[in-house]
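Chains as they are written, first to last, in this note's numbering: chain P, 1 to 186; chain U, 1001 to 1152.
Check each hint, because a few of them may be wrong.
Straight-line Cα separation of at most 25 Å, PhoX-like style, residue types lysine-lysine; simulated pairs [as the list claims (entries may be wrong)]:
{"hint": "1", "chain 1": "P", "residue 1": "152", "chain 2": "U", "residue 2": "1059"}
{"hint": "2", "chain 1": "P", "residue 1": "87", "chain 2": "U", "residue 2": "1149"}
{"hint": "3", "chain 1": "P", "residue 1": "163", "chain 2": "P", "residue 2": "152"}
Think of the hints as simulated: they come from the structure by calculation, not from any bench.
Since we're looking at a predicted model, the values are computed, not measured.
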Amino acid sequence: MATRKRDIPEINAGSMADIAFLLLVFFLVTTTMDIPTGLQVALPPITEEPPENTKQKQREVLEVLVNANDQLLVEKNLMSIDKLRQKTIDHLTNEGKDPTLSSTSTAAIVSLKNDRGTSYDMYVQVYNELTAAYNIVRDDYSMAKFGKLYSKLDPLFGPDKEKIKEVKAKYPKKLSEAEPVNSGAE
Amino acid sequence: MAKFKKDGGRGLPAINTSALPDIVFMLLFFFMVATKMRDKEMKVRTQLPQASEVEKLEKKSRLHYIFVGPPLDERFGSTPRIQLDDAFATVDDIQQYITLKNSEKDEKEVPYMTTSLKADKVVKMGIVTDIKQELREVNALKLSYTASKSVD
Chain P
1 MATRKRDIPE INAGSMADIA FLLLVFFLVT TTMDIPTGLQ VALPPITEEP
51 PENTKQKQRE VLEVLVNAND QLLVEKNLMS IDKLRQKTID HLTNEGKDPT
101 LSSTSTAAIV SLKNDRGTSY DMYVQVYNEL TAAYNIVRDD YSMAKFGKLY
151 SKLDPLFGPD KEKIKEVKAK YPKKLSEAEP VNSGAE
Chain U
1001 MAKFKKDGGR GLPAINTSAL PDIVFMLLFF FMVATKMRDK EMKVRTQLPQ
1051 ASEVEKLEKK SRLHYIFVGP PLDERFGSTP RIQLDDAFAT VDDIQQYITL
1101 KNSEKDEKEV PYMTTSLKAD KVVKMGIVTD IKQELREVNA LKLSYTASKS
1151 VD
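Bound-form chain P, shown alone (with noise of 0.2 Å):
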């Protein structure tokens, strides 16, 4: 028997491209790259004993409540949207200045009431303007004292843990959301 030494034959690799790009364009399609974003909230856990009876300073607690019409009352006066964010700030940093406002920064809560009306897209933004005035204030702060804002200290990082804690210390984020009333149709 003879053997013959036979070439293999090439195999043509031309439409591999086609392939792949076909597995690249479904692949293209299918992703979401969406990376999931929000505002954080740290709910309070339920607990047995009745909430303490401290009756809080009026002064020291900004109303804020918004009704099922989506209109924002803040210490029971029409606001709109946008102003929010400044009064709430003069609220955190008031320090005895004004006596309709807090007395210190540290002791000033921010009492958030809605009604089951209202809209979860207002409720947000509200929220989120709430957020923004303790996070401006924490900036402001911290700027002022360590020379670097807030939201860019490292809680990992060691020394910027105190620092973190101290901002924390001075501008509680004292947000308290009472149970909401139902005076609108749902």
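Please build the complex by placing chain U on the supplied structure of chain P, with the hints as guidance.
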């Protein structure tokens, strides 16, 4: 002059495309790795509200999802409904759902679980408040109002 013309002006040499499949494959692998298939079929519309102070959520594996919004299928009406996984649910199902999902996780991870609430703009706060109350009942205290970053 004629001499030059004769030499030049020939057709361009064919571009070597033998490296093209390699490049395409590289891109392909990138997208294959980066892709996370949409694993839930949306039954409700969730047009997210916008906010400027949003924070990134750290890990997708540490999230529970609750969807609230008007049903996409008009036969179910337009009243906002809750969707857990692939099915409609009621407020009463939330506790059980969270407990079940937590039991699938490592015990150490449970305190870090965040609930991502994806609610449509038109949803009223009544239903959201009920959900918050249920979450407090099961001690799932980390909540995130999922919102898209507003550009301003």
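Hint check:
no. : hint            : in the structure
1   : 152/P to 1059/U : holds (20 Å)
2   : 87/P to 1149/U  : holds (23 Å)
3   : 163/P to 152/P  : holds (11 Å)
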